[in-house]
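Chemist: Taken in order, these protein sequences are the chains called P and U.
Just so we're aligned, residue 46 is where the first sequence starts under the numbering used here, counting upward by one.
Just so we're aligned, residue 274 is where the second sequence starts under the numbering used here, counting upward by one.
By construction, these hints were calculated from the structure, which means they are not laboratory data.
A couple of the hints might just be wrong.
Listed next, the stretches of chain P that the computed footprint assigns to chain U, with coverage defined by at least 3 CB atoms under 8 angstroms from CB atoms of chain U [said to hold, decoys possible]:
{"no.": "1", "region": "87–101"}
{"no.": "2", "region": "140–148"}
Distance windows between CB atoms, simulated [said to hold, decoys possible]:
{"no.": "3", "chain 1": "P", "residue 1": "A215", "chain 2": "U", "residue 2": "L293", "range": "28 to 38 angstroms"}
{"no.": "4", "chain 1": "U", "residue 1": "D276", "chain 2": "P", "residue 2": "R91", "range": "24 to 34 angstroms"}
{"no.": "5", "chain 1": "U", "residue 1": "D275", "chain 2": "P", "residue 2": "R118", "range": "14 to 24 angstroms"}
{"no.": "6", "chain 1": "U", "residue 1": "R296", "chain 2": "P", "residue 2": "G216", "range": "14 to 24 angstroms"}
{"no.": "7", "chain 1": "P", "residue 1": "R199", "chain 2": "U", "residue 2": "H322", "range": "17 to 27 angstroms"}
{"no.": "8", "chain 1": "P", "residue 1": "S170", "chain 2": "U", "residue 2": "D276", "range": "24 to 34 angstroms"}
{"no.": "9", "chain 1": "P", "residue 1": "R91", "chain 2": "U", "residue 2": "Q309", "range": "42 to 52 angstroms"}
{"no.": "10", "chain 1": "U", "residue 1": "D276", "chain 2": "P", "residue 2": "A149", "range": "47 to 57 angstroms"}
{"no.": "11", "chain 1": "P", "residue 1": "R199", "chain 2": "U", "residue 2": "L293", "range": "36 to 46 angstroms"}
{"no.": "12", "chain 1": "U", "residue 1": "D275", "chain 2": "P", "residue 2": "R169", "range": "45 to 55 angstroms"}
{"no.": "13", "chain 1": "P", "residue 1": "C244", "chain 2": "U", "residue 2": "A339", "range": "42 to 52 angstroms"}
{"no.": "14", "chain 1": "P", "residue 1": "R94", "chain 2": "U", "residue 2": "H301", "range": "15 to 25 angstroms"}
Each residue gets a CB set at the ideal place from its N, CA and C atoms; glycine is no exception.
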Amino acid sequence: MTQTNLMQASQLAVKTGKSGTPSMTSDKDQQLGKRSDSQTDSQLVRKVRNDDRAAFDLLVVKYQSRVASIISRYVYDSQEVMDLTQETFIKAYRAMERFRGDSAFYTWLYRIAVNTAKNYLESRSRRPQGSADVVDAENFDDGRQLRDLASPERLLHRDELQQALSQAIAGLPEELRSAFLLREYDGLSYEDIARILECPIGTVRSRIFRARDAVDRHIGPLLNES
Amino acid sequence: MDDRLRETLSAMMDDEADELSVRRLLSHGSPDDVCQQWQRWQQVRDLMHDGRSPMEGIDVSAGVRAVLEGRTVDPYARKERFTKHPFAGNGLPLQWRWVPCL
């Protein structure tokens with residue numbers, strides 16, 4: 046089952062829900078789903094402010110790919126992208142006291158990432174000619190890394206993972222699969238899913254957890270190979 | 274980490290966990306277990322949504338933690354920096370020197 050098929054399966058799950066309500070992915074519902082997007086972030090930010098380093102670890106893990114993706118729009122050297130991503134989080138941690146919560150945490154983090162990348166580029170443009178050999182050396186090393194990333198082994202591994210993921214989802218009991226896909230692909234809140242599947246919110250929560258756990262157990266060994 | 278805590282973590286993935294449960298989870302004795310589980314589920318989500326495998330992503334969490342705990346050099350210091358030339362001044366134009374800090 047491809048990713049497109051999975052999404053179609055999710056849509057089918059909505060259409061064939063017990064309530065038979067076809068408008069579950071309306072704009073209004075999507076907005077409701079998005080409204081609570083930052084709830085976990087707010088909780089974690091509060092913990093970080095109380096010096097909870099573990100809470101910050103969770104924010105790093107959650108956003109590191111997105112931050113790296115933003116930075117890579119400005120900087121093409123993958124090693125530098127990694128360094129600047131790390132720098133972004135360190136800056137964010139140290140500036141956390143100044144985060145007033147006027148915007149979503151991610152918006153704030155995004156600004157730090159963009160500024161970090163821009164400052165880096167600005168500093169490079171001032172670099173004296175004498176340092177060009179160092180730059181070349183860095184680029185050479187990085188070029189090798191980029192080739193590795195696109196290697197057939199990695200592409201094969203990605204395909205294997207996708208296939209294992211599809212199998213894992215297809216193998217889930219129907220009630221777990223429906224709840225899981227409604228959450229992951231349709232972005233519905235637990236409350237909305239409970240309404241569609243006509244079950245208590247606690248059941249939705251439990252089903253999604255069990256689905257996530259089963260998928261994780263199925264593809265875990267492949268993830269570990271990464 | 275027991276199933277109740279893992280269920281809370283799963284709800285956190287979906288922004289559906291209440292404050293008390295989050296507090297209970299974060300005060301769990303083994304934050305590394307919590308972080309590892311969180312990371313794996315984030316990886317599964319990345320794979321589902323972007324088709325991106327963990328091998329193609331990056332992981333700076335250990336590096337960030339090491340810097341914040343003072344176990345390694347701050348990247349600000351490690352990275353190439355422009356510093357004022359030590360001999361600049363006395364009316365001379367300000368000069369800059371690239372100093373690779375290790």
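Chemist: Decide, hint by hint, whether the structure agrees.
Modeler: How the hints compare with the structure:
1. Only when three residues or more bring their CB closer than 8 angstroms to a CB of chain U does the claim for the region 87–101 of chain P stand; here the count is 8, and the claim holds.
2. Coverage of a stretch by a chain is defined here by at least three residues with a beta carbon nearer than 8 angstroms to that chain's beta carbons; for the region 140–148 of chain P and chain U the count is 0, and the condition is violated.
3. Checked against the hint of 28 to 38 angstroms, the pair A215 (chain P) and L293 (chain U) passes, with Cβ atoms roughly 36 angstroms apart.
4. Against the hinted window of 24 to 34 angstroms, the Cβ-Cβ separation of D276 (chain U) and R91 (chain P) comes to about 26 angstroms, which satisfies the hint.
5. Under the hint 14 to 24 angstroms, the C-beta atoms of D275 (chain U) and R118 (chain P), about 42 angstroms apart, miss the expected range.
6. Between R296 (chain U) and G216 (chain P) the C-beta distance comes to about 35 angstroms, which lies outside the given range of 14 to 24 angstroms.
7. Range check, R199 (chain P) to H322 (chain U): Cβ separation about 19 angstroms, and the 17 to 27 angstroms hint holds.
8. For the pair S170 (chain P) and D276 (chain U), the supplied restraint of 24 to 34 angstroms is violated, since their beta-carbon distance comes to about 54 angstroms.
9. R91 (chain P) and Q309 (chain U) have their C-beta atoms about 23 angstroms apart, which leaves the hinted 42 to 52 angstroms range violated.
10. Take D276 (chain U) and A149 (chain P): their Cβ atoms lie about 31 angstroms apart, and the range 47 to 57 angstroms is violated.
11. In this structure the supplied range 36 to 46 angstroms holds for R199 (chain P) paired with L293 (chain U), their Cβ-Cβ distance being about 42 angstroms.
12. Distance hint check for D275 (chain U) and R169 (chain P): the Cβ-Cβ separation is about 50 angstroms, which falls inside the suggested range of 45 to 55 angstroms.
13. Take C244 (chain P) and A339 (chain U): their Cβ atoms lie about 45 angstroms apart, and the range 42 to 52 angstroms holds.
14. For the pair R94 (chain P) and H301 (chain U), the beta carbons lie near 19 angstroms from each other, so the given range of 15 to 25 angstroms is met.
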